[in-house]
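When the sequence shown is numbered by our numbering, its final residue is 123 and no position is left out of the sequence of numbers.
What the hints contain is simulated information worked out from the structure, not anything from laboratory work.
From a predicted model like this one, the values you see are computed outputs, not experimental measurements.
There may be inaccurate statements among the hints.
Claimed, not checked - In silico SDA-like pairs for lysine to any residue, Cα to Cα no more than 20 Å straight-line: (1) Lys96 <-> Gln71; (2) Lys93 <-> Ile67; (3) Lys93 <-> Leu115; (4) Lys33 <-> Ser19.
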Amino acid sequence: MQKIKETLNVLGEPLENCSCEPMTGYFRDGFCKTIAQDTGTHVVCAIVTEEFLQYSLSKGNDLITPIPQWQFPGLKPGDKWCLCVSRWKQAEKVNKAPLVDLRATHEVALKHVSLDLLKQYAV
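Could you build all of it, start to finish, from the sequences and the hints given here?
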């Protein structure tokens with residue numbers, strides 16, 4: 001019998017839930033899991049801030065306005081959300097990156113950013 005590979009976080013531990021209120025994740029299951037079809041690589045579990053939401057909006061990604069047909073409630077400061085690792089990294093370079101829940105951030109993030117950098121933003 002083949003063992004199913006466990007999904008791990010950036011600390012090498014089992015991936016924890018990011019948020020069910022609002023429901024997040026590429027699969028809308030609360031977890032920052034990913035697959036090849038997830039072109040944005042939504043693997044960083046972040047606690048969004050007003051500053052980050054406005055920055056994302058300025059880059060053409062409105063995370064504030066609800067989109068019911070996509071089961072997207074719109075985000076407000078303090079919400080936890082699975083962000084695209086590239087957007088988080090972009091925001092970090094201009095000092096607008098939100099804090100990160102390392103236990104709920106998928107290990108794939110380490111292909112794009114270092115653990116040391118993520119730890120600087122850890123909650």
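Structure-based check of all given hints:
1. Lys96 <-> Gln71: At roughly 26 Å apart (the allowed maximum being 20 Å), Gln71 and Lys96 break the hint.
2. Lys93 <-> Ile67: With a Cα-Cα distance of about 29 Å, the restraint between Lys93 and Ile67 is violated, given a limit of 20 Å.
3. Lys93 <-> Leu115: holds, 16 Å
4. Lys33 <-> Ser19: Within the cut-off at roughly 12 Å; holds.
Checked against the numbered hints given earlier, this structure breaks hints 1, 2; the rest are met.
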